[in-house]
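Student: Sequence:
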Amino acid sequence: MDWGAFLFMTMVTGSRRGEMCALRWSDINLDRLELFVKHSINGRRIKDTKTHQRRKQAIDVITRSVLVAHRARAEERCRALGGELARVAFVFSGEADSSAPLVPSSVSQRYRRLAKNLKIHTHRLKDLRAYNVTELLGAGTDVRTVAGRVGHGGGGATTLKYYAAFLATSDRQAVTAFAKQLPVPEELLAEQPVTTFINGLRLVCECGNESLWAMLVVTEDGAEALCGQCEAAVQTRPDAAVGPIGRTIKVDAAPPRELAPWEAIAQELAGAIKDGTMLPGEDVPTVGDIAQAHGVSVGTAHRAFTQLKKDGLIEVSRGRRAVVREVHEEASNAQCCQGMSSTRASSDGSRL
Numbered sequence: 171m172d173w174g175a176f177l178f179m180t181m182v183t184g185s186r187r188g189e190m191c192a193l194r195w196s197d198i199n200l201d202r203l204e205l206f207v208k209h210s211i212n213g214r215r216i217k218d219t220k221t222h223q224r225r226k227q228a229i230d231v232i233t234r235s236v237l238v239a240h241r242a243r244a245e246e247r248c249r250a251l252g253g254e255l256a257r258v259a260f261v262f263s264g265e266a267d268s269s270a271p272l273v274p275s276s277v278s279q280r281y282r283r284l285a286k287n288l289k290i291h292t293h294r295l296k297d298l299r300a301y302n303v304t305e306l307l308g309a310g311t312d313v314r315t316v317a318g319r320v321g322h323g324g325g326g327a328t329t330l331k332y333y334a335a336f337l338a339t340s341d342r343q344a345v346t347a348f349a350k351q352l353p354v355p356e357e358l359l360a361e362q363p364v365t366t367f368i369n370g371l372r373l374v375c376e377c378g379n380e381s382l383w384a385m386l387v388v389t390e391d392g393a394e395a396l397c398g399q400c401e402a403a404v405q406t407r408p409d410a411a412v413g414p415i416g417r418t419i420k421v422d423a424a425p426p427r428e429l430a431p432w433e434a435i436a437q438e439l440a441g442a443i444k445d446g447t448m449l450p451g452e453d454v455p456t457v458g459d460i461a462q463a464h465g466v467s468v469g470t471a472h473r474a475f476t477q478l479k480k481d482g483l484i485e486v487s488r489g490r491r492a493v494v495r496e497v498h499e500e501a502s503n504a505q506c507c508q509g510m511s512s513t514r515a516s517s518d519g520s521r522l
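Position in the sequence shown (first residue = 1) + 170 = the working numbering.
Among the clues, some could well be false.
Below, in silico cross-link-like pairs of lysine-lysine (BS3-like), each with a Cα-Cα straight-line distance of 27 Å or less [what the hints assert, rightly or not]:
no. : residue 1 : residue 2
1   : 444       : 217
2   : 226       : 286
3   : 296       : 286
4   : 479       : 444
Simulated DEER-style distance windows between Cβ atoms [what the hints assert, rightly or not]:
no. : residue 1 : residue 2 : range
5   : 453       : 315       : 23 to 29 Å
6   : 490       : 230       : 25 to 31 Å
7   : 286       : 231       : 45 to 51 Å
8   : 243       : 213       : 47 to 53 Å
9   : 293       : 273       : 25 to 31 Å
10  : 444       : 251       : 44 to 50 Å
If you're looking for bench data, these hints aren't it; they were derived computationally from the structure.
Note that the Cβ used here is the ideal one computed from N, Cα and C, for glycine as well.
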């Protein structure tokens, strides 16, 4: 096996070790600069990916060159045995004819030994995956795209939770925000006004009030307030001429409600159905498979499964495995919203 090529591909794709071990040459299209992550290796067994989703990744020309050279070496080894490299041969294999996949645990052990010998302070192979995500986020790639490339579920929640990287720009923003919360000497307060900003927009009344509000309602688009001095209704508005005017009070909209585990799973599977990752007529993972893949109870997995059925995204027949239904995106979105709302309402009602 070409160890350098394996590490390079793990780093540039951000794939899990099992997914990289399961990669076959039939999963790669060098002409179109893309590869497909379809399976994973668990021990010595080939299975679905962790999220039960297949995904397509674009690759760059440098990665293509690495793969072309790696394939040429694999073909040469096969010719030495008097054969040809099979189309479904594994990209990375310990066999001369690339007929068997690598064992993920062995790959991790080899990387750990390499890292220790090179005195690299991170000894885990999955740190290459973290590096990929961090670099993509640092380059300005949106979270949804990054999550899609590396196969994170939950709409990117995992991406942000585990891979919050130190970046110079973020550090500068953090210290600036912190400075705005520091107490200002009274002599400076007399010279510099206190201003309210909501999601980047300035909140100011025509009477000149910028900090005293009798009522403040924050929305996604801005905010509405009742002036605490003249009682006039005030709305946020952009003001490019504000400049560095001393201390500011920044009010952000409340973060969205964190989804319950069953909601996050249902949302993830619904997304896979709507974006074509799971095709109409394709088998849906069983409740047991969903529970095992997401580390939740069977009851939680069943609740997510039931939600997909309510939304009209899957077809369930007695004695047969559930399959993906062919649905229109607009209709499925409407059903999904209605289903989630009714389920949440009934759940809230049961707690009263």
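Student: Looking back at the numbered hints, which does the structure fail to meet, lowest number first?
Tutor: Violated: hints 2, 6, 7, 8, 9.
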